[in-house]
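So the sequence lines, in the order shown, correspond to chains A and B.
Letter by letter, the first sequence follows residues 103 to 547 of the numbering used here.
Letter by letter, the second sequence follows residues 227 to 676 of the numbering used here.
Where hints are given, some of them may not hold.
Unchecked claim - Computed cross-link-like contacts, BS3-like style, restricted to lysine-lysine with a CA-CA straight-line distance of at most 30 Å:
| hint | chain 1 | residue 1 | chain 2 | residue 2 |
| --- | --- | --- | --- | --- |
| 1 | A | 309 | A | 401 |
| 2 | B | 289 | B | 263 |
| 3 | B | 431 | A | 455 |
| 4 | B | 479 | B | 651 |
| 5 | B | 464 | B | 651 |
| 6 | B | 411 | A | 462 |
| 7 | A | 462 | B | 263 |
| 8 | B | 651 | B | 411 |
| 9 | B | 436 | B | 411 |
| 10 | B | 289 | B | 523 |
| 11 | B | 517 | A | 462 |
| 12 | B | 517 | B | 552 |
| 13 | B | 464 | B | 272 |
| 14 | A | 455 | B | 552 |
| 15 | A | 477 | B | 436 |
| 16 | A | 310 | A | 185 |
| 17 | B | 431 | A | 462 |
| 18 | A | 185 | A | 237 |
| 19 | A | 185 | A | 309 |
| 20 | B | 263 | B | 500 |
| 21 | B | 523 | B | 539 |
| 22 | B | 275 | B | 289 |
| 23 | B | 552 | B | 523 |
| 24 | B | 411 | A | 477 |
| 25 | B | 479 | B | 275 |
| 26 | B | 263 | B | 651 |
| 27 | B | 289 | B | 479 |
| 28 | A | 527 | A | 310 |
| 29 | B | 436 | A | 455 |
| 30 | A | 462 | B | 436 |
| 31 | A | 462 | A | 436 |
| 32 | A | 477 | B | 431 |
| 33 | B | 464 | B | 263 |
The set of hints was computed from the structure by calculation and includes no laboratory data.
As the structure is a prediction and not an experimental result, all values here were calculated from the model.
Single-letter residue listing:
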Amino acid sequence: MQHKDRREFLGLGAALIASAALSSNLKASEHDHTAHGGIKRQLTFVNNPKRVLSPATIITPPEGKNYNPVVTLNGWSLPYEMKEGVKEFHIIAEPVVREFAPGMVVNCWGYNGTSPGPTIEAVEGDRVRLIVTNKLPEHTTIHWHGLILPNGMDGVGGLTQSAIATGETYVYEFTLRQSGTFMYHPHADEMVQMAMGMMGMFIIHPKKPQEHRVDRDFCFLLSSYDVAPGTYTPNPSTMTEFNLWSFNSRVFPGIDSMNVRVGDRVRIRVGNLTMTNHPIHMHGHPFEVTCTDGGWVPKNARWPEVTIDIGVGQVRAFEFVATQEGDWSFHCHKSHHTMGPMGHSVPNMLGVKQDDLTEKISDLMPEYMYMPMGKNGMAEMQDMADMGMALPENTLPMMSGQGPFGPIEMGGMFTLVKVRANQPKRDYSDPGWYNHPQGSVARKL
Amino acid sequence: MRKVVVFSFAAAVLFSGCSTLSQSDVFDSMNQMTSSKGSGELTWIKSAKEEEAVRSEVERLLKEPLSEENAVRITLINNRALQQTYEQIGISQSDLVQAGLMSNPLLGYSIGRGGGIRQSGVTLELAFLDLLWIPLRRELGGLALEETKLSVGDTVLQTLRDAKKRYIDARVAEESVRLNDDVLKSHEVSLQLATRQYTAGNLSKRDVLKIQDEYAHARLESIRLNRESAIAREALNKLLGIYGGQTYYTLSKEPLSLGNQPRENGALERIALKHRLDFASAQKRVEYAAKEAGYSKKTALLDEVTVELGSEKSTGESRINSIGVKIPIPIFDMGQGRLSRTQSLYNQSVQNLVSLAVNIRSEVREAYATARYNYDMASEYQNSIAINRDILEQTQLYYNGMLDGIYELLGDQRRYRDTKIESLKAIGEYQKAQADLIYTLGGENNATQR
Ligand SMILES: [Cu+2]
Chain A
103 MQHKDRREFL
113 GLGAALIASA
123 ALSSNLKASE
133 HDHTAHGGIK
143 RQLTFVNNPK
153 RVLSPATIIT
163 PPEGKNYNPV
173 VTLNGWSLPY
183 EMKEGVKEFH
193 IIAEPVVREF
203 APGMVVNCWG
213 YNGTSPGPTI
223 EAVEGDRVRL
233 IVTNKLPEHT
243 TIHWHGLILP
253 NGMDGVGGLT
263 QSAIATGETY
273 VYEFTLRQSG
283 TFMYHPHADE
293 MVQMAMGMMG
303 MFIIHPKKPQ
313 EHRVDRDFCF
323 LLSSYDVAPG
333 TYTPNPSTMT
343 EFNLWSFNSR
353 VFPGIDSMNV
363 RVGDRVRIRV
373 GNLTMTNHPI
383 HMHGHPFEVT
393 CTDGGWVPKN
403 ARWPEVTIDI
413 GVGQVRAFEF
423 VATQEGDWSF
433 HCHKSHHTMG
443 PMGHSVPNML
453 GVKQDDLTEK
463 ISDLMPEYMY
473 MPMGKNGMAE
483 MQDMADMGMA
493 LPENTLPMMS
503 GQGPFGPIEM
513 GGMFTLVKVR
523 ANQPKRDYSD
533 PGWYNHPQGS
543 VARKL
Chain B
227 MRKVVVFSFA
237 AAVLFSGCST
247 LSQSDVFDSM
257 NQMTSSKGSG
267 ELTWIKSAKE
277 EEAVRSEVER
287 LLKEPLSEEN
297 AVRITLINNR
307 ALQQTYEQIG
317 ISQSDLVQAG
327 LMSNPLLGYS
337 IGRGGGIRQS
347 GVTLELAFLD
357 LLWIPLRREL
367 GGLALEETKL
377 SVGDTVLQTL
387 RDAKKRYIDA
397 RVAEESVRLN
407 DDVLKSHEVS
417 LQLATRQYTA
427 GNLSKRDVLK
437 IQDEYAHARL
447 ESIRLNRESA
457 IAREALNKLL
467 GIYGGQTYYT
477 LSKEPLSLGN
487 QPRENGALER
497 IALKHRLDFA
507 SAQKRVEYAA
517 KEAGYSKKTA
527 LLDEVTVELG
537 SEKSTGESRI
547 NSIGVKIPIP
557 IFDMGQGRLS
567 RTQSLYNQSV
577 QNLVSLAVNI
587 RSEVREAYAT
597 ARYNYDMASE
607 YQNSIAINRD
617 ILEQTQLYYN
627 GMLDGIYELL
637 GDQRRYRDTK
647 IESLKAIGEY
657 QKAQADLIYT
667 LGGENNATQR
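Bound conformation, chain A alone (with noise of 0.2 Å):
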C-alpha cells in the first residue's frame, strides 16, 4: 500500500496535458490570423490526485526525523536534504493545475507542483534554509506566518526584502525557536496570490517528541475559491461571494476522509486563509483546542466544545481521543460553506407550482428536457446530479456525494472523521463505510 502510495507520489510530476477544444460552433474570426484552428484550452492534470496521501514517512531522510509527521490532506510533506545541519528545503512557487473534486480542475498558483503547496515539517530548534524559486509571472516573497524569526526573514516585500523577481531564487535561513501549527504564504500581491491557492501550513514538532503527542496527527487549509461556471480560472478580485470552500483546495466529495482507530488520540491541525471565519463543527466526540498560531495552550486553559470558530489568518490545533466508532460528519457550520457552485439570483420558487407550465416551456425548447425546480426546496438537486444532468463545463454539481442511505447532500467545506476499532496503527488507508451494530440506526416508524 505504502509502496504504491509511492510510485503515485514520484508520478506527481509527469503532469498530462489535456486540450479542451471549445464547442465547434465556437469558431474563431476569419479575419483573426492568431486564432486559426479554434479556441483551445491547454490544461495540466494530475493524475489521480485523490490517491496521493502524506509520503511524508518514506522520502524524509532518517537524519534529524524525531517526530510523527503530521498527515496533509490531499497533500503531502515537503522532503529536505541535511546539509552540514542544516535542513535544507527547494521551495519553488509556480502556476499549477489542482483537481478540486473529480470533473473539476482549477488554474492554480502554487508550490512545488500543487496548491496548496507542501507542508514543511521540522523540529524545534532546528535550523532550517529555505530556498525560494520564482516560477510565477510576477514577483511573490513568501511570509512565515506566525515564525519567530530576524525581522529580515519574514518575508514582507518592500518591508523586509526586495521582492523575489520571476526566476530569482532567494533563501531564507533561520532556527525554529517555538514548536506548533503555523502557515506560510506570499506577502506580494498578496490579494492575487491567495486568491490562486498560494499557501502552506508549516508544523513544528517539539524538541522532546514525547510532548504533545498523537497517535493521529492530521492538517489542513481552509481557502476560497470564485471559479465562475464553466471557467477554470479563479477570479482574484472577489471578496465574498465565492463558491468553491475547499479544505487544501479539495470540496466533497472529493476530500480525503480522516480514518483513525478507536483509542487514538487526534489532533486536527487547520489554517483559515480565505477571507471570512469559519465554525468548523465535528461531530461524535467533543474536543479540546490545544494549540493556536501562537503556541500551545495550557492544560489548564482548554475547554471543551464541538465547533471552535477559526478567524481569518487563525490556526486552530485541536485533539480529542476517538472513542465512538462510525462515520462522522466534519464541515463547516455556514451551510453555503459545504455546498457547491450556485447562483444566489435564482428567483425564489419555494411554494411555486410550475409543473403545468412545463410542456408550454418545453414546447419553447423542443430539444431539451425541462425540469421544473425549486418548489419544494433544492433537494432536488441532488437528484439531478445522481441523473447525471449536464452542467456548464467544468462545473461541480452544488451539492453531491452518496452515502450509503442515499445522496449526503453536501459539498465544500465537508468530509468524514472515520473511527475504526479495527483500523491499524499508522494505516491511514480508507476504511469503507460503516457497518452499524444492530439495531444501532434510527429506523422509520
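Fit chain B with the ligand to the supplied structure of chain A, relying on the hints for placement.
Just chain B with the ligand now, with coordinates in the frame of chain A:
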C-alpha cells in the same frame, strides 16, 4: 386617265397592305424575348375567352400554398397594369399600318354655266410623292413598333422583379409573426410564473409589474408585426391583381433559404448594356430619330408636291384632258422648322441613351454591391443563430445546476428567436437585392454569365 388612277390606287393598296406584322405577332415575339429572360409564357387578355382562361388559371394557382414562382406567374398573366401596357403594342402597330397608307386622293368636280356654254370638269389630285415616301414612313413605323416592344418587355421584367420582391416581403412578414408567437408565449410563461411567485410571497409587486410590462411590450411588437404582414400582403395582392375571395390564399411555408452568393463578375456593366431591354429600346429610339431626321431632310421641300389630273369639257367642245403639278415655292417655309426639330429630337435621343448607359452602369454596380453585402449580412446572421443556439444550450446547463433561474432560460430562448427573426429579414433583403440585380442585368442567368 382612268388607267393612271387605277394604277395609283393599286400601288397605294399594295404598299400599305402587305408585310405588316399583326399585333399578336409582335406580342408573341415579345413573349419569346421575355420568356428567355425568365418571365415564362405571357397572356394578353383581349377576349372573354382569354379572360376566362386567366381567371381559372389564377384560381387554380391560388388553391395551393403560394410559391414565389406562382406569385410571379399570376402577376404576369393577371396584373391589369401590365395588360394595359400591352396595348401600347396595339397602338404602335396601328401607327405602323397608318404609315403604310397613301394619302387619299382628292376628287374634284366642277360645273359652270354662262353665255350658253356649259362647262364641267373632273380633277383628281394625288399627293403623288407619297408613293415614294411610304417605304421610309413604314421603316420609321417599324422602328417605333420595335421600340415599343422592347419598352413593354422591360415593363414585364420590372413587374416580374416587383412580384418577387413583394412576395418575399409578404413571406418574411408572415414568418416573423409566426416566430414572434414563440417569443410572446415565452413572455406569457414568464408572467404566469411571476404572478405565482407573487402569490406565494416570493416576489414583490413591483417586480411582477415589470414582467407584466415586458409582456405588454411583447404584445405590442406582435401587433406591429401583424400590421406589417397585412400591409405586405396587400402590396402583393395589388401586383397579383386579385381581390375579394381570391385574397384568402395561403403563403408557402417552405423555409426561405439563403441561396448562393452572387458571383464575382468583372463584366457586369457590359452584360447589362447588352441585355437590358430599356437600353435596347432607347437605342431603337436613336435609330428612329436618325431616320426621321434624314427623312425630313429629303422631304423638306418636296413633301407637298401634288400631281393633278384634270378633265374638262365645255359645251360643244371636245373634252380636254390635262395633267399638272403643284409645287410649293420655298419662300416662307423652307422646311427648316421641321428639319431642326427632328435634328433636336435626334440629339435628345442620343443624350438620353448616353445618360441611360451611365445610369445603368451605376445601377448594376450598386445592385451587385447591395446583393453582395446583403448576402454577407445574411450569412453572418446564420453564425449569429448558431451562436445563440449555443448560448441557449449553455444556459440550459446553468439552469440544470441552479446557477441560473427560469427567467434567464426563457430570456435566452427569446433572444434565440429574435435572432432568427433578424436573420429571416436579412435573407429576405438578400433575395430582394438578388431580384434587383437580375433585373438590372436584363434578366435571368445574366448574373452568372461572363
Ligand atoms: Cu465556512
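Right, here's what the structure says about each hint:
| no. | hint | in the structure |
| --- | --- | --- |
| 1 | A/309 <-> A/401 | 18 Å, holds |
| 2 | B/289 <-> B/263 | 27 Å, holds |
| 3 | B/431 <-> A/455 | 18 Å, holds |
| 4 | B/479 <-> B/651 | 15 Å, holds |
| 5 | B/464 <-> B/651 | 22 Å, holds |
| 6 | B/411 <-> A/462 | 8 Å, holds |
| 7 | A/462 <-> B/263 | 49 Å, violated |
| 8 | B/651 <-> B/411 | 21 Å, holds |
| 9 | B/436 <-> B/411 | 17 Å, holds |
| 10 | B/289 <-> B/523 | 61 Å, violated |
| 11 | B/517 <-> A/462 | 76 Å, violated |
| 12 | B/517 <-> B/552 | 27 Å, holds |
| 13 | B/464 <-> B/272 | 21 Å, holds |
| 14 | A/455 <-> B/552 | 109 Å, violated |
| 15 | A/477 <-> B/436 | 22 Å, holds |
| 16 | A/310 <-> A/185 | 22 Å, holds |
| 17 | B/431 <-> A/462 | 24 Å, holds |
| 18 | A/185 <-> A/237 | 24 Å, holds |
| 19 | A/185 <-> A/309 | 20 Å, holds |
| 20 | B/263 <-> B/500 | 13 Å, holds |
| 21 | B/523 <-> B/539 | 41 Å, violated |
| 22 | B/275 <-> B/289 | 22 Å, holds |
| 23 | B/552 <-> B/523 | 20 Å, holds |
| 24 | B/411 <-> A/477 | 22 Å, holds |
| 25 | B/479 <-> B/275 | 34 Å, violated |
| 26 | B/263 <-> B/651 | 27 Å, holds |
| 27 | B/289 <-> B/479 | 14 Å, holds |
| 28 | A/527 <-> A/310 | 22 Å, holds |
| 29 | B/436 <-> A/455 | 21 Å, holds |
| 30 | A/462 <-> B/436 | 22 Å, holds |
| 31 | A/462 <-> A/436 | 38 Å, violated |
| 32 | A/477 <-> B/431 | 20 Å, holds |
| 33 | B/464 <-> B/263 | 23 Å, holds |
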